[in-house]
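Same order as they appear, the protein sequences are chains A, B and C. Just so we're on the same page, the working numbering is the position in the first sequence counted from 1, plus 4. Just so we're on the same page, the working numbering is the position in the second sequence counted from 1, plus 30. Just so we're on the same page, the working numbering is the position in the third sequence counted from 1, plus 1.
Hints may contain errors.
Claimed, not checked - Short derived list, chain A residues pointing at chain C, Cβ under 7 angstroms:
hint	residue
1	R134
2	I156
3	A160
4	V161
5	P167
6	A168
7	W171
8	S175
9	P178
10	T263
11	G279
What the hints assert, rightly or not - Derived Cβ-Cβ restraints for the label pairs, each shown as a range:
hint	chain 1	residue 1	chain 2	residue 2	range
12	A	A222	B	R46	38 to 48 angstroms
13	A	N71	B	L139	50 to 60 angstroms
14	B	Y213	A	N71	19 to 29 angstroms
15	A	P119	B	S203	24 to 34 angstroms
16	A	S29	C	T434	40 to 50 angstroms
17	C	G442	A	G79	25 to 35 angstroms
18	A	A96	B	Y213	36 to 46 angstroms
19	C	A232	A	D80	40 to 50 angstroms
Hints in this document: simulated from the structure, not taken from any laboratory. This structure is a prediction, so every number in the text was calculated from the model and none was measured. We put the CB at the ideal spot given by N, CA and C, even for glycine.
Below, each chain spelled out in residue letters.
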Amino acid sequence: MIHFAARRGVRALGVLLLVAVLAMSTPMMLPGSPALAALGLEATDEEIAAFNDKYNLGADPFTRLWNWLDGLVHGDLGTSIITDAAVTGQLAERLPVTLELVLVSLAVALVIALPVALRAAWRPGSVLDRVSQVLAFVLLSMPGFVLGMLLIYLFAVVLRVLPATGWVPFSEDPLGHLTHLILPVTTMALAEAAVYLRALRADADEVLDSTYIHAAQARGMKPARLLLARALRPASLPLVTLVGLNLGMALGGTLVVETMYAIPGMGRYVSTAIGQRDYPVIESTTIILAAAMVTATLLVDLSYRLIDPRIAHVARS
Amino acid sequence: MSLAAEAGRDVHAAVRATRRRRRLDTAATTVAAGWLIVLAVLTLVSIATPLLDPYFQDFTSAKLEPSLAHPFGTDGNGRDVFARTVAGAQNSLVVAVITLVVGAVGGTLIGVAAGYFRGALDNVIGFLIDAVLAIPALLLIITIVSFRGPSITSIGTTIGLLMIPAFARVTRSIALTVRERDYVKAAVLIDTPTPRILVKAVLPAVAPALVSYAFTAMTAAIVAEGSLSFLGYGLAAPAPSWGGIIAEGRADLATAPWITLAPALALAATVMAITTIGERAKERYS
Amino acid sequence: MPSTLKLVGLGALTASLAFTAAACAPSDSADVASSSSASTETSASEPVDGGTIVYGLDRDIASLDPASGAISSQTVQSVANSIFDALMQYDEAGELVPFLAESFEAADETSSEWVLTLREGVTFSDGSVLDAAAVIAHVQRLGTEETSASRATVATIANMEEVSATEVRFTLVAPNASFPQYFTRDLGQIASTTATDEFGFPLGTGPYVTTEYSAGTGITMTKREDYWGEAAHADTVEFQILPDADSRYQSLVSGAVDAIWSEVPSQFTGAEADGLATATGNSATSFGLFNSYAAPFDSVEARQAVVLAIDPQALLAVANDGTGAVATSVLQTTSGYDITDPQPAYDPEAAQAIVDEIGGFEFSYLTDGRAEAAARAAAMQQMLAEVGITMTIQSSDMATWGAALYSGEYQMLDFTTSLFGNIDTNLSMLVGTGGLANFMGYSNEDVDAMLAELAGETDHDARGVLLNSVAAQVWDEAPLVMYTENLAGVIYNPETLQGVEDFENRPQVSVQTRLMWHAEG
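Pulled out of the complex, with its shape left as it was, chain A reads as follows (with noise of 0.2 angstroms):
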């Protein structure tokens, strides 16, 4: 386990180094030259290699990264070149409101998926079980931006129960802060329960047909503690894969719904960073956001063999 570990991370590592060379070669990328862009045509030699030496650019991808990690071990991720804010500062705020908006959205689709799913998958063909497939169907095919709308348009327009958008720290207001969350979390998390639900019912259908919990229900346990105990442990290893991959990719991808909400997180951080070339911005975030992703792959990598040990022999034979 140790060494499987150790080598998963070690590859983990590579794949980050190797996107984190790409990200600091978006400048070269792009067009455009920031120090232009930003000192103007008639700008001296001078000034431009002072301003790239400032932000960090003009230089190698390689000789760039290692600047940046130097500056990561003191803290410091750079300046952004149009707000000239320290990027360590803005990323202190917008990445716990997206963590925030990730998390919950993950919980509340949980609490939605597991006992509707298990539920269902208990008593196939009951109503709860349709009514619950139909439901995910629906909200599967519909993307974010429209079921937003929707949200927005019956909730913040029609009934006027909800603000449609905006973002209120917890600190300032703890009540008007769950209400801008409501709407938003709503979004995210219906169309992630929807996923979770039929993962969670077609393994569940599975592994309920399978001889072991025949067994265990002939000798009465009962359907509750049968459900938990028994089924839900394997059910839960495509569970476990779709989380973990959800939500490495839902840091970077809360865009739609940032937008939508005017929520200041990390998605509209870099899409705005992007149209205003804002290199430091860009590579920062890129990396942080693939060292999430590289994580959140290697911890179910990880929890796999700790939920079901046969993986690992399946894997070494």
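Chain A is already provided as a structure; the job is to place chains B and C on it using the hints.
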């Protein structure tokens, strides 16, 4: 009540449930296929005849309510929303097909190569796939689109490139098992040329999984293209795409909801239809 | 601060930032005028003190320093005016009047020397006194900070002299009869060069002080009790950053905010039905720029054909929902000058005749990706196709658009700006040789001579003649084509918010939070 009797009742219930599900499945598949055929016919009409012109603007009739002349009303530029929705289908589907071709061909080549040859090649490919998966997808697309400019091909190939890892993973696992089959081992032993083995033995084994995954990939591509257009990184105006039309009409949601609702429903219905048919395909092949 | 002088300066020129002239062809703006009768609301009830006003902004506020360029645009004057007082402002009739200044008068015949007299007893929010030295230090800082949107303006000042504690004498490089017009925004919003608030931004003399600040979320301001003028009504103003225009409007409809900034035509037309009121001016002008240095627009006939083939009335219908007005000249309808030499009117036959002669051609039209620009471009595409000109639309983002504008790598480009509002000072910037906003690279000796004459001319009628003469010359060579004067301003909930000014006749929409009050206190 004896165990046997209970089991018997369960069996009956299961059989009934299965039959009912089959009937529902058939009905759903028919509806789904019907929708896609209607869409295809309308698209042909839009391409072949001047009846459905998504570009013609009547500056004096902007934001008209749905009527006989304009079944889905008109947009802010006085264009027919029905014609634009149909043309949007065409663009969305073309993007989806390009995505599919790039993703499936690239993914299969890479996946089969990794699975069949294994060893160092497999490791390198696995590593690269991990790297692609680690980059935030939407941000990568936005970067590439702002670099290359928004066009059907640039958007389609970019989404397609991002789908290569998924296709590669699906095909690799199958290629791995095929490699171990006796007839493949035998073919290797008698020095059958590798390309021949790949074409005759590996590809047919990979095909069913490819086909079922293709449907999922297609819906993902349609949604991705829609999201991009919605965020303003999609096809350049005035080219109609579902996400773009929805974004254009969003400001008028309260006063002229038809501009947004028609393409939104069409998008959702198409994704549902493709998913439904994809699930049937999956059942059939597995 | 480093960076983006160019882009920020550009910002100061673009639509959003609009200075402007509240133009309005009466017929077109009648509905809007009636729904925007903010003045009626104001007189209807007595101001209530206390409470919190929640105001939705359209962009992140990266800094609260006037020298940063971040609060110099028209869209965020509500923020700037809360912290800083401008030396000059436009009154309801559109006249330039002193505000933080006691007076700002020419000191010689040629208008190349000006004396600014300050009010007595004005203090910054730390209690320090606003004096002549503070003004000079502020102007100097705006002339040197890289990000300042007013660097070019400060460069026209040769010398500043502290005559007394409350008097500053400005000596200009060249005569400028409309010099005080420069002091309505960042340059006139005097910021302390010595004291900063807890967020590191300079202090102002304005009615509010910043108590909470977060670039991406919002700003909270608290009323100053020691304000030199009549104290503000609301205790606090909470600015929320809501960049998505649709979501911002929906926040207003749902009651989460009391007022929002908007430049979206459908929101102005739909506001009344949603029980909302508007206070707007025609404060952004849209026009097209030709690249006269590259084919096909190196040919004056090609440019003229495009000008004649475009129907601004149709652009107004599709891009502006019929709000605002058609732009007929570089002079706006409310500039106070008669338009004697309008741009050649829409004439597809004449355009067709030119195309028949020079042959059909193709070009690419670059937009910044905003919905109004896209709608406009789509309509133009069809109009031009009708006379045999093929236009492809290149929709980009603000950064790409700006890069193309500055590098001249475009054929024709869509531009919305507030520059035309202050045409007295800005015409030379637009069409003078080497002007800051002369992105066409237009250069004409006669025009330059007339612009020099204009700068020193103080007689109103004579200025009108000169302005029209410049316009006539510009139409002949067609480096640009005027489209529309667009609405920009505030949409608010009249049940909760009162005291929003009427901007209809003002050249810029400069929102004053101190005059607003929350109906429930």
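How the hints compare with the structure:
| no. | hint | result |
| --- | --- | --- |
| 1 | R134 | violated (35 angstroms) |
| 2 | I156 | holds (6 angstroms) |
| 3 | A160 | holds (4 angstroms) |
| 4 | V161 | holds (6 angstroms) |
| 5 | P167 | holds (4 angstroms) |
| 6 | A168 | holds (3 angstroms) |
| 7 | W171 | holds (6 angstroms) |
| 8 | S175 | violated (10 angstroms) |
| 9 | P178 | violated (15 angstroms) |
| 10 | T263 | holds (6 angstroms) |
| 11 | G279 | holds (5 angstroms) |
| 12 | A:A222 to B:R46: 38 to 48 angstroms | violated (23 angstroms) |
| 13 | A:N71 to B:L139: 50 to 60 angstroms | violated (38 angstroms) |
| 14 | B:Y213 to A:N71: 19 to 29 angstroms | violated (56 angstroms) |
| 15 | A:P119 to B:S203: 24 to 34 angstroms | holds (32 angstroms) |
| 16 | A:S29 to C:T434: 40 to 50 angstroms | holds (41 angstroms) |
| 17 | C:G442 to A:G79: 25 to 35 angstroms | violated (47 angstroms) |
| 18 | A:A96 to B:Y213: 36 to 46 angstroms | violated (60 angstroms) |
| 19 | C:A232 to A:D80: 40 to 50 angstroms | holds (43 angstroms) |
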